[in-house]
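**Q** One letter stands for each residue in the lines below.
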Amino acid sequence: MKFTGKVWKFGADIDTDAIIPARYLNTSDPEELAKHCMEDADPEFVNKVSPGDIILADKNFGCGSSREHAPISIKGAKVSCVVAKSFARIFYRNSFNMGLPIFESEEAYDKCDEGDVIEVDADNGVIRNITKGIEFNVAPIPPFMQQLIEDGGLMAHIEKRGK
Amino acid sequence: MGMTISEKILAKHAGVEGVEPGEIISVKVDIALGNDITAPIAIKEFKRAGAKKVFDKGRVALVPDHFAPNKDIASAEQCKILRDFAKEQDIENYFETGEMGVEHALLPEQGIVTPGDVIIGADSHTCTYGALGAFSTGVGSTDLAAAMVTGETWFKVPESMKFVYTGKLPKWVDGKDLILYTIGKIGVDGALYRSMEFTGPVIDSLPMDDRFTMANMAIEAGGKNGIIAPDAITKAYVEGRMKRPPVYYASDADAVYSDVIEIDCSKLSPQVAFPHLPSNTRAVEEAGNVAIDQVVIGSCTNGRISDLRKAAAVLKGKKVAKYLRLIVIPATQQIYRQAMEEGLFDIFLDAGAAISTPTCGPCLGGHTGILAAGERSLATTNRNFVGRMGSPDSEVYLASPAVAAATAVKGVIASPEEVA
Ligand code: SF4
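Chains A and B, in that order, give the protein sequences.
According to this note's numbering, the first sequence is numbered sequentially starting from 1.
According to this note's numbering, the second sequence is numbered sequentially starting from 164.
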């Protein structure tokens with residue numbers, strides 16, 4: 001798995017209400033949800049982001065509610081992956097279950113600026129900042145989560161391997 | 164080596180002798196819950212996977228409570244997906260408007276969740292049932308879909324943190340203040356991925372409703388679950404109520420904790436969480452002069468009968484401040500009736516409050532009390548994120564029912580001491 005894209009930076013404790021406000025939760029349509037991705041953190045985000053871009057956040061990204069609409073809206077906005085210092089646990093779980101790649105890295109947040117182009121190379125456990133010509137480690141994805149991604153998410157995993 | 168209560172419940176449901184933090188296990192689920200926001204996605208996934216029947220029609224609970232009674236056409240469509248699925252699958256625990264209450268108040272009240280259970284819910288406040296001594300945690304819609312098919316789910320066994328509450332609770336300080344203070348102390352990711360076990364002499368005499376409030380907000384510290392070992396208070400609540408026999412677990416004396424945090428409660432004041440994080444807490448006396456436009460008393464955190472009684476005790480014979488809206492939302496139909504029979508509604512109505520049918524409503528900015536830009540609400544709910552109750556330019560302050568009632572009377576954030 002490799003992702004290359006421009007970085008959009010967000011701070012600590014970005015909650016799921018900021019990622020996709022509850023006023024839009026009367027639908028689960030990915031395209032509809034994508035229109036409001038990150039709206040209460042940055043109302044201009046959906047107009048600025050390009051397909052393949054990467055969200056880079058400080059600690060505890062995705063805290064708050066269990067709404068899967070949050071990773072759905074990020075995926076719908078064509079963000080390729082999210083890198084953060086840490087993730088809230090339900091968001092972490094949801095992302096793997098529905099196939100949004102996410103990575104934990106302490107350094108990436110501290111050493112990358114908004115607009116930098118980075119490459120997340122999950123297979124080799126490195127993030128390269130192409131703009132700045134530096135690289136740092138990314139925490140490996142736990143084996144069970146890797147299996148989930150390989151199988152195409154939780155439901156496909158269950159179909160494939162039985163319960 | 165001893166085990167914590169959470170580890171014991173997980174081991175039992177995994178069919179093994181013991182588990183250790185970090186292990187990934189597959190466990191049997193006693194109850195799987197969804198609501199009008201999360202269940203439609205789960206049902207879609209369920210169908211997409213080609214599943215025909217839920218694993219057990221008595222162990223799935225569907226509660227349309229967030230945007231119900233339906234606030235608009237899109238919400239009506241969401242609720243219809245639940246209703247159609249409930250009919251098709253003959254789901255026993257489906258609650259139509261009229262029986263419906265806020266899910267986390269409703270399920271314990273109706274005896275659907277039981278001590279010793281493993282419960283998952285596609286709603287982050289599913290951690291509420293830990294107050295009964297169950298392992299209960301929020302998951303996403305896909306997890307719910309998988310559990311509806313298999314009756315199982317996977318967990319990474321969490322480390323446990325032990326919170327010991329000592330001393331004596333001062334007047335006006337309750338479970339809400341304890342949990343707000345705790346979150347303020349450790350931060351919104353202070354218990355990330357971990358189990359929060361609430362213990363100590365203060366917990367030993369804490370009423371059941373306050374215990375629900377505390378376990379409810381474990382997620383606000385990032386916790387995987389909050390849990391309180393069952394005791395005489397739990398048993399008195401459980402007796403004659405539960406649909407399945409309860410199993411009581413307790414932590415071993417030599418159980419291992421990643422942290423032990425002691426909190427002396429004797430000098431605590433009522434707490435207020437300022438915008439925009441539940442950890443942004445201070446004592447009510449230090450709130451300063453904050454004018455409030457709306458007060459909400461309700462939600463899965465503080466919409467239970469004792470919450471309404473506490474609010475009514477402060478409001479009795481008083482009037483709500485001019486230009487302030489006070490909205491009271493009993494969390495379930497049973498609570499609604501009880502409050503009415505106890506005469507609490509007269510007190511609320513005399514004070515100038517609006518009383519709503521049970522619903523999540525304004526708690527997540529759904530309906531029945533949305534804020535305009537620049538407005539401030541003080542609420543007994545659990546989240547004060549940007550835009551949580553309406554406009555992204557509004558503010559939410561979190562507090563106990565007594566502080567909420569006092570604030571409604573004063574028009575500014577106030578201690579019940581100033582009013583009663
Ligand atoms: S009352 Fe609020 S926190 Fe509780 S389930 Fe409803 S929306 Fe969620």
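What the hints contain is simulated information worked out from the structure, not anything from laboratory work.
Some hints could be false.
To be verified - Here are the simulated lysine-lysine pairs, BS3-like style, with alpha carbons at most 27 Å apart:
{"#": "1", "chain 1": "B", "residue 1": "Lys-325", "chain 2": "A", "residue 2": "Lys-85"}
{"#": "2", "chain 1": "A", "residue 1": "Lys-160", "chain 2": "B", "residue 2": "Lys-479"}
{"#": "3", "chain 1": "B", "residue 1": "Lys-210", "chain 2": "A", "residue 2": "Lys-160"}
{"#": "4", "chain 1": "A", "residue 1": "Lys-48", "chain 2": "B", "residue 2": "Lys-215"}
{"#": "5", "chain 1": "B", "residue 1": "Lys-207", "chain 2": "A", "residue 2": "Lys-35"}
{"#": "6", "chain 1": "A", "residue 1": "Lys-85", "chain 2": "B", "residue 2": "Lys-348"}
{"#": "7", "chain 1": "A", "residue 1": "Lys-9", "chain 2": "B", "residue 2": "Lys-191"}
{"#": "8", "chain 1": "A", "residue 1": "Lys-160", "chain 2": "B", "residue 2": "Lys-348"}
{"#": "9", "chain 1": "B", "residue 1": "Lys-325", "chain 2": "A", "residue 2": "Lys-160"}
{"#": "10", "chain 1": "A", "residue 1": "Lys-85", "chain 2": "B", "residue 2": "Lys-216"}
{"#": "11", "chain 1": "B", "residue 1": "Lys-207", "chain 2": "A", "residue 2": "Lys-78"}
{"#": "12", "chain 1": "A", "residue 1": "Lys-132", "chain 2": "B", "residue 2": "Lys-234"}
**Q** Run through the hints listed earlier and report the numbers of any the structure violates, in increasing order.
**A** Per hint list: 2, 4, 7, 8, 9, 10, 12 violated.
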